[in-house]
Amino acid sequence: MKTIKEINERIKEGKAVVVTADEVVELAKTTSIKKIAKEVDVVTTGTFGPMCSSGVFLNFGHSKPRIKFGGGRVYINGVPAYAGLAAVDTYLGATALPDNDPRNAEYPGAFKYGGAHIIEELVAGKEIHLEVFAYGTDCYPKKVVSTRLKLKDINEAVLFNPRNCYQNYNVAVNLSKKTIYTYLGILKPELGNANYCSAGQLSPLLKDPYLKTIGFGTRIFLGGGVGYVAWWGTQYNPSVKRKENGVPAGGGATLALIGDLKQMSPEYLKGASLTGYGTSLIVGIGIPIPVLDEDIARWVSIPDSEIYAPIVDYSNDYPNFTGKTLGEVDYGRLKSGEIELMGKKVPTGSLSSYKKAREIAETLKKWIEKGDFLLTESIFSFPGPESGYTFKPMKEGR
Amino acid sequence: MEKRFVMHFPKTLVDKPIMSTLIRKYDLDFNILKAYVTPEEEGTLVLALSGAEEKLNSAIRELKDMGVGVQPIASDIRMVKELCTDCTACIPLCPVDALYRDENFVVQFDAEKCIACGLCIKGCPTKALVFAI
Chain U
716 MKTIKEINER
726 IKEGKAVVVT
736 ADEVVELAKT
746 TSIKKIAKEV
756 DVVTTGTFGP
766 MCSSGVFLNF
776 GHSKPRIKFG
786 GGRVYINGVP
796 AYAGLAAVDT
806 YLGATALPDN
816 DPRNAEYPGA
826 FKYGGAHIIE
836 ELVAGKEIHL
846 EVFAYGTDCY
856 PKKVVSTRLK
866 LKDINEAVLF
876 NPRNCYQNYN
886 VAVNLSKKTI
896 YTYLGILKPE
906 LGNANYCSAG
916 QLSPLLKDPY
926 LKTIGFGTRI
936 FLGGGVGYVA
946 WWGTQYNPSV
956 KRKENGVPAG
966 GGATLALIGD
976 LKQMSPEYLK
986 GASLTGYGTS
996 LIVGIGIPIP
1006 VLDEDIARWV
1016 SIPDSEIYAP
1026 IVDYSNDYPN
1036 FTGKTLGEVD
1046 YGRLKSGEIE
1056 LMGKKVPTGS
1066 LSSYKKAREI
1076 AETLKKWIEK
1086 GDFLLTESIF
1096 SFPGPESGYT
1106 FKPMKEGR
Chain S
71 MEKRFVMHFP
81 KTLVDKPIMS
91 TLIRKYDLDF
101 NILKAYVTPE
111 EEGTLVLALS
121 GAEEKLNSAI
131 RELKDMGVGV
141 QPIASDIRMV
151 KELCTDCTAC
161 IPLCPVDALY
171 RDENFVVQFD
181 AEKCIACGLC
191 IKGCPTKALV
201 FAI
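Line by line, the protein sequences are chains U and S. Its first residue numbered 716, the first sequence is counted upward by one per residue in the working numbering. Its first residue numbered 71, the second sequence is counted upward by one per residue in the working numbering.
I should point out that these hints are in silico values taken from the structure, not numbers from a laboratory. For every residue, glycine included, the Cβ atom is placed at its ideal position computed from N, Cα and C. Just so you know, not all the hints are guaranteed correct.
Within a straight-line C-alpha distance of at most 25 angstroms, the following computed BS3-like cross-link-like pairs (lysine-lysine) qualify [said to hold, decoys possible]: (1) K183(S) to K1060(U); (2) K134(S) to K1059(U); (3) K95(S) to K183(S); (4) K1050(U) to K151(S); (5) K1060(U) to K192(S); (6) K104(S) to K1060(U).
What follows is a list of derived Cβ distance ranges for each label pair [as the list claims (entries may be wrong)]: (7) E1021(U) to E112(S): 42 to 48 angstroms; (8) D167(S) to K958(U): 30 to 36 angstroms; (9) K73(S) to D975(U): 30 to 36 angstroms; (10) R131(S) to A820(U): 33 to 39 angstroms; (11) R818(U) to V140(S): 41 to 47 angstroms; (12) K73(S) to L1056(U): 35 to 41 angstroms; (13) T718(U) to G188(S): 52 to 58 angstroms; (14) L1056(U) to D85(S): 29 to 35 angstroms; (15) N1031(U) to L153(S): 51 to 57 angstroms.
Here chain U stands alone, though its shape is the one from the complex (with noise of 0.2 angstroms):
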């Protein structure tokens, strides 16, 4: 048994253990569990994969005469931003999309920009045009603004994702006969691809499967930048279908995550355009987890082999929320590039990067060898599957 406390004295001496999740797992190999439990102070985890429910609150200070932005309409390269706050305060999310894009109209849509895009400028240093439609009151006479700015003219931009990290997801692939374009990718006919957006047993929440060590003020690696855990995820369901070793079989937990958009890197927070789907931002996060005890020790350990997601046909099953699913595969199988599905051999991809992934693991393994990133301790834990708490569908009709 170790605490936090002793594990971040060792850190301040520079003589702490820290090894990535991946590492751990060779580790693991040769060596038992309590060895490991002995032995590794912490392991860090890492995942770089679109993530929708992103997006950043901004604060462009007060204009000559005053301006009043809520309840008026904001637009920032021409996307349209939240015009439901106070004065100058807006928040851009990820996926919204200029007025004038045709979206789906030309099948399938482009989507070549939007908020997530814009985002990525900002944290290049790029400028942005900033336009605001305002009403005007008697304190905020002012009705509109057009101006051009850069982070550093803005005086808050903060990242706030309601929705990151989910901690297992589905593998989507296409029974029908015609090629279908969704957020997990352009599905190719009749079994064509398996496409899957997880880092596996880099993953953070895969690593730490009850969120034991996971809460409410963990310090983390977002977006290149130091970032903190603000609450649980929305869509969070800890009552998931979970396998022996404790790992959840599908979706799972999910985290709120907030930090200083300006210091992140646009390495970490990237732009993308997913075909007739639309946009999304793809974020790095990565995830320090103390090894405590044997069962901590024993979960970081958990090799891709072991760790399942569920096969999804999403031409069907998923528009239609069936909650069918085809089967199940291990992420060793998906990272090797081929599955085997109803007889068939079905190339995989990816839409997280493994390769960044691994990346951000041994970045936060620097970080916390040199001394520069201390571990928290938890505010609170999040409910657990004890708690009952689960995830809904929506309550339709009257």
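Please build the complex by placing chain S on the supplied structure of chain U, with the hints as guidance.
Then chain S, alone, in the frame of chain U:
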């Protein structure tokens, strides 16, 4: 000389042995890079034709006269490595294995194998694959 073409066969011509007749008539060699024919629908054929320039052009003219859509593959696809995140979404889309992942999980592009079908361009979330002009 060798040229690569994308050919679209209308419904009425799909089940006729057009290509084999022409290849014999004009003494051409061919290599089918990709074929896609659905019954009662259009057919698409990506192929490399080689032979004497004059004969090759005559064969193309005859195909066009019959109503076959013939488009030479003039442009090539290029990978802009700085934009690539190595996610692998493009890999299963490639019909000729020109895109693959190496042992370090880096996505590689073999331009020699590419038939410029363009599917990877649509499938790349970060626009790292482009038509080179």
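Each hint tested on the structure:
no., hint, verdict
1, K183(S) to K1060(U), "22 angstroms, holds"
2, K134(S) to K1059(U), "38 angstroms, violated"
3, K95(S) to K183(S), "29 angstroms, violated"
4, K1050(U) to K151(S), "21 angstroms, holds"
5, K1060(U) to K192(S), "23 angstroms, holds"
6, K104(S) to K1060(U), "19 angstroms, holds"
7, E1021(U) to E112(S): 42 to 48 angstroms, "46 angstroms, holds"
8, D167(S) to K958(U): 30 to 36 angstroms, "34 angstroms, holds"
9, K73(S) to D975(U): 30 to 36 angstroms, "56 angstroms, violated"
10, R131(S) to A820(U): 33 to 39 angstroms, "38 angstroms, holds"
11, R818(U) to V140(S): 41 to 47 angstroms, "33 angstroms, violated"
12, K73(S) to L1056(U): 35 to 41 angstroms, "38 angstroms, holds"
13, T718(U) to G188(S): 52 to 58 angstroms, "56 angstroms, holds"
14, L1056(U) to D85(S): 29 to 35 angstroms, "32 angstroms, holds"
15, N1031(U) to L153(S): 51 to 57 angstroms, "34 angstroms, violated"
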